[in-house]
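Combine the two chains into a complex, taking the hints into account.
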Amino acid sequence: DTAVSQTPKYLVTQMGNDKSIKCEQNLGHDTMYWYKQDSKKFLKIMFSYNNKELIINETVPNRFSPKSPDKAHLNLHINSLELGDSAVYFCASVPTSGSNNEQFFGPGTRLTVL
Amino acid sequence: GEDVEQSLFLSVREGDSSVINCTYTDSSSTYLYWYKQEPGAGLQLLTYIFSNMDMKQDQRLTVLLNKKDKHLSLRIADTQTGDSAIYFCAEREGGYNKLIFGAGTRLAVHP
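In order, the protein sequences belong to chains A and B.
Mapping of the first sequence onto this note's numbering: position 15 corresponds to residue 690, and the numbering continues sequentially without gaps.
Mapping of the second sequence onto this note's numbering: position 32 corresponds to residue 34, and the numbering continues sequentially without gaps.
It is worth saying that the hints were derived from the structure and are not from the lab.
Careful: at least some of the hints might be erroneous.
Derived CB-CB ranges, DEER-like [stated by the list, open to error]:
#1 R738(A) x L10(B): 44 to 50 Å
#2 R15(B) x P744(A): 48 to 54 Å
#3 D56(B) x F717(A): 27 to 33 Å
#4 Q82(B) x K697(A): 31 to 37 Å
#5 L789(A) x M57(B): 46 to 52 Å
#6 S13(B) x N726(A): 42 to 48 Å
#7 Q82(B) x S740(A): 42 to 48 Å
#8 F52(B) x P744(A): 18 to 24 Å
#9 I730(A) x Q46(B): 20 to 26 Å
#10 P113(B) x R785(A): 47 to 53 Å
#11 S9(B) x K727(A): 38 to 44 Å
#12 T83(B) x S680(A): 39 to 45 Å
#13 N737(A) x H112(B): 44 to 50 Å
Glycine included, each C-beta is placed from N, C-alpha and C at the ideal position.
Next up, chain B with everything else stripped away, as it sits in the complex (with noise of 0.2 Å):
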């Protein structure tokens, strides 16, 4: 069946890295994506990475697809207080679009 699932807390100091990880069952998924959600809001695109790639770095974020483990990380770099949120790993399954959320990681960047 389908299942994604994150680590559901990290705290880390503001300007060090932060990795936050995935595992997901479906290896038939087309894209997976990384989600942010601030408190009181809807979810907002962070990035995205297609199937046939090993990593993906957009800015200050970088994602790492390993296929043969079905592992997926967000590493956000030079993280800041803004970035305090909780971030979600989705697959993509099926024809109509269909996301597969995890758990949610709740990131905590404290001074």
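Chain A with its partners taken away, still in its complex shape (with noise of 0.2 Å):
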């Protein structure tokens, strides 16, 4: 019944590997955000898909790169970690059309890299 799920919930790795996380959603909705918050909580927008297109693309380190292979995912893979990527990411969905476009939020991903 989880509406948007993200796998793994905790990551912890060594600088300079390559890692995925991968987001789900079963609500039917048609696009799709990555958010990346810090340490202090900040939380900041990182990329968004609709219908498996790139929309939304902030300034984001090119090792980061999204991928969706259809509606329902949209992962996320980082390579050469680095020690500022540590942070929790989440995933969220919206409908394309809704009264108040609600984001749902995924239950997020603490990464650790060490």
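Okay, here's the thing in structure tokens:
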């Protein structure tokens, strides 16, 4: 019954490694997002996809590459991980049409880079 | 540029009212939101207000919007310990539902 799910919930890895985080939504929404929340709880949008097309790409290092195999999934691949990538990454989704455009958030993936 | 600002901390006694304030810069924002984040969890939409409204009430929650001053507030009546969380103000920008979040206000409720 989970609306927006993310895997893994926790990820601990060494600097320089490559890792992926997965997101799936079963709400039938057209648009999905990745947000980064740093240790001070600042939450900032990274990417957005609408029907598998990239529509928002904020100033994010190109080590981060989102991929949307279908509109229910949005994955985030990170190359050459750095200490500053440590954060909680949230996936969210929203229907294209709706009364208030509420974004539904996943539970987050806590990434720790050592 | 876009910017949403909130005070970082608020401490209230159980049973009192809490008021969390937020200022935003984008006057074209159509929707403004309040999200709640409990420890270790994702964000949950609490309430929202459309830009042509001044006030919205939903049970213990009252949202006030002053468009002239670009000021948004969230009042929680009869605050309970379960209300302890971080509250994020957000404005919707542009046509792709891009949300700009404030830094979050950490609400602590004490007996």
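Beta-carbon spacing of N737(A) to H112(B) - inside the hinted bounds 44 to 50 Å or not: With Cβ atoms ~46 Å apart, the hint holds.
Does the beta carbon distance between L789(A) and M57(B) stay inside 46 to 52 Å, or does it fall outside? holds (49 Å)
Against the range 42 to 48 Å, how does the distance between the Cβ atoms of Q82(B) and S740(A) compare: consistent or not? For Q82(B) and S740(A) the Cβ distance comes to about 43 Å; the hint holds.
47 to 53 Å was suggested as the range; check whether the CB atoms of P113(B) and R785(A) agree with it. For P113(B) and R785(A) the Cβ distance comes to about 31 Å; the hint is violated.
Range hint 20 to 26 Å (beta carbons of I730(A) and Q46(B)) holds or violated: holds (24 Å)
Is the gap between the beta carbons of R738(A) and L10(B) within 44 to 50 Å? violated (30 Å)
Okay, D56(B) versus F717(A) on CB: inside 27 to 33 Å? holds (29 Å)
Do T83(B) and S680(A) keep their Cβ atoms within the hinted range of 39 to 45 Å? violated (29 Å)
Is 42 to 48 Å a correct range for the gap between the Cβ atoms of S13(B) and N726(A)? The hint (42 to 48 Å, Cβ to Cβ) holds, given that S13(B) and N726(A) are roughly 45 Å apart.
Could you tell me whether the CB distance from F52(B) to P744(A) stays inside 18 to 24 Å? violated (35 Å)
Okay, S9(B) versus K727(A) on CB: inside 38 to 44 Å? holds (40 Å)
Between the beta carbons of R15(B) and P744(A), is the distance compatible with 48 to 54 Å? Check passed, 51 Å falls within 48 to 54 Å.
Hint check: violations occur at hints 1, 8, 10 and 12; the rest are consistent with the structure.
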